[in-house]
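**Q** Chain by chain, the residues run as shown.
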Amino acid sequence: MFIRGAISEDAEMGGSLALPPGADRRMAKIQRATCHSMYAALNKTGTTAIDAIFAATALGCLEDTERFLDEITGPSTSLRSPLPFMRSTHNTMAGQLALLLKVHGPNITYSQSLFGFHAVLLNALLHLEEEPSHTVAAFAADERTELATALVQTNIPGTVLGEGVASFILGGTAKTGDVARITRLEQRIITDVELEKIMEEEQIGSVFCSQWTADAEFPKLSSKTVVERYDPATGNHGAQTALALGKVVDRIASPSITGPCMILDQVGDRRGIIVVAPC
Amino acid sequence: MNTGRIAITGMGAICALGNDVDALTKSLVEGTRGIKPLEHLDLGFPELHFGEVALSNAELVQELKALLGEEFALPLSRTALLALFAALSATREALDENNTVVISASTVGGMDLSERLFADWKAGEMTQARYAAEHPVGSHTSFVADAIGCKAMHTTISTACSSSANAMILGAQLLRTGRAKRVLAGGSDALCKFTIEGFKALSAMDTTGVTKPFSNERNGMNLGEAAAYLVMEREADALEAGRKPLAFFAGGANRNDAHHQTATSPEGNGPYLAMRDALEIAGLKPDEVDHINAHGTGTDNNDITELAAMERLFRKVPQYTTTKALTGHTLAAAGALEAVISIICMREGIVPVGHATSAAITGHTAMPVAQTIRRPLRNVLSNSFGFGGNDTAIILMGS
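From first to last, the protein sequence lines are chains A and B.
So the mapping is simple: our numbering equals the position in the first sequence, first residue as 1, plus 100.
So the mapping is simple: our numbering equals the position in the second sequence, first residue as 1, plus 49.
These aren't lab readings, by the way, just hints derived from the structure by calculation.
Among the clues, some could well be false.
[Stated by the list, open to error] Some but not every residue of chain B turned toward chain A, in silico, with C-beta under 7 Å:
1. Glu-246
2. Gly-247
3. Ala-307
[As the list claims (entries may be wrong)] Chain A stretches covered by chain B per the calculated footprint, using a threshold of three residues with CB under 8 Å from any CB of chain B:
4. 167 to 175
5. 183 to 193
6. 206 to 215
7. 287 to 301
Where a beta carbon is used, it is the ideal one built from N, C-alpha and C, also for glycine.
Bound-form chain A, shown alone (with noise of 0.2 Å):
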């Protein structure tokens, strides 16, 4: 599977692509910050047809959840907007984009902590397996609230909940102008010896790792292998494996990186994990 382009830093609308105007005034955040950067990326890579889209988020469209929550929590009244609830659902994001796109075909949203997006590089391979030809965005994103905030330092003390949105597009054939390929992916109980194994068998050289939470454990890795933790620099949340992966594409066209690398996420005994390589 191919990367086209990603997009893993704020995106600022511009280039042939646009939004229709005033469309972006009527969005929450995360709508609005997801459609930038799925935009930026189409333009980027010249993109101009979908033909599917797969989306992870952890929390969904918290801000939303938590104005609709704030409504029937409230005095009651038989005259609630339900604009809130609407837009609360996982697959807002996804959704817009194919109506904003025109896109007819497969639309999956995953949500399964930091696993989701793994998930989605699953599906979109599956997808492109099937039909090499079509071209498939690609997206991570999270939002962070006072509340989601306030909740996550209660409960697991020394992380701060981060936010962000990491767009790509894929591809199943190479095409000229490609940035990276995606050779491997697991998700799943990895011992530190199959992670070994996989190591060895991919050629890693360097492992771009993550902690869930402060205190989760890691593996003792090779003493050849480059270890490198992302989530200092992306936040944690469950769109952080997404920045993570094109943070590692920027390198690989950079080129600071020259041959395979994993990014590892691991959340209690399950691992997931991403080979990267240059075309």
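Please arrange chain B on chain A, whose structure you already have, making use of the hints.
**A** Using the frame of chain A, we list chain B on its own:
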């Protein structure tokens, strides 16, 4: 990897029609309806009818402790309790190894707890912060994975009311490509104030009693709650392990209407594409479908657009019904629950009645079945459509 047919070798469900597949089968055969005012949940809304599971949280905990032992740390959210109950029921006989991939689905996750947490926070307190751990929609899936001893991948799909139908499609893809040996696919959603108030705000709830889908008198849905899971595996693997397939997952398609966040296009473009492509993937012609378990929420927009799509695709619309008039609309669980119901219908040879209407929706001709029909069913198409223009159709084939 071309792996042949995808067999369904286990299923479990808990909904307003029964706490297990046997009870659900009995209710469907006898034509029982599960829609009534709330009895077990203290949510208010005395003016509305629901498809409520007939077990309180305390009773669910008691049942689960008997199955999992006292030492298993049970969840607190109703969505997760229901999920565990149905998942354990599905895997009781069909599962014999722990490399099963778990793909679940939910829209509300632990919202029943989040409502309490939020009220607490609004009052300036933080005494219920621990409930936040179960807020994510994927939390219940982790409980299921731990309970069945899953060491393989587990994930959660949240595409509103099409979620668990999409879980089955992903499961079939993983099996066909050899990336999974066995899949537990399904979903769970519990009734909570958030969704009830949400659909009330959308004026999508039937305020007169029981929903009347596909009739000119329809005026909204009854919400329900459920969890349903199906064990999927390659036919050859099932037979080798001595498990007789209950049915086959013949194919499915997820397509997007790309028209509006919460309303379907007048022509039913998304539903049409989903049904058409599901048939193509299954290798079936429209006239080979014996029965449609329609999405049929009873809302003005859904029923007329779904009917438009069915009339567009089928020269003669197959006998169709909506079991949401019996179970309530169980949101993310609906796709898997209605897959279980479809398999029961094939096994029992019945097309159940949802709501019997005396006239077709104005401008249309195809009417839902008005009385239980007894006949052999080979291929059943089941529709699940959701917010975000998310439209899914799956096809179950008799064994």
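**Q** What hints, given by number in increasing order, does this structure fail?
**A** Every hint satisfied by this model.
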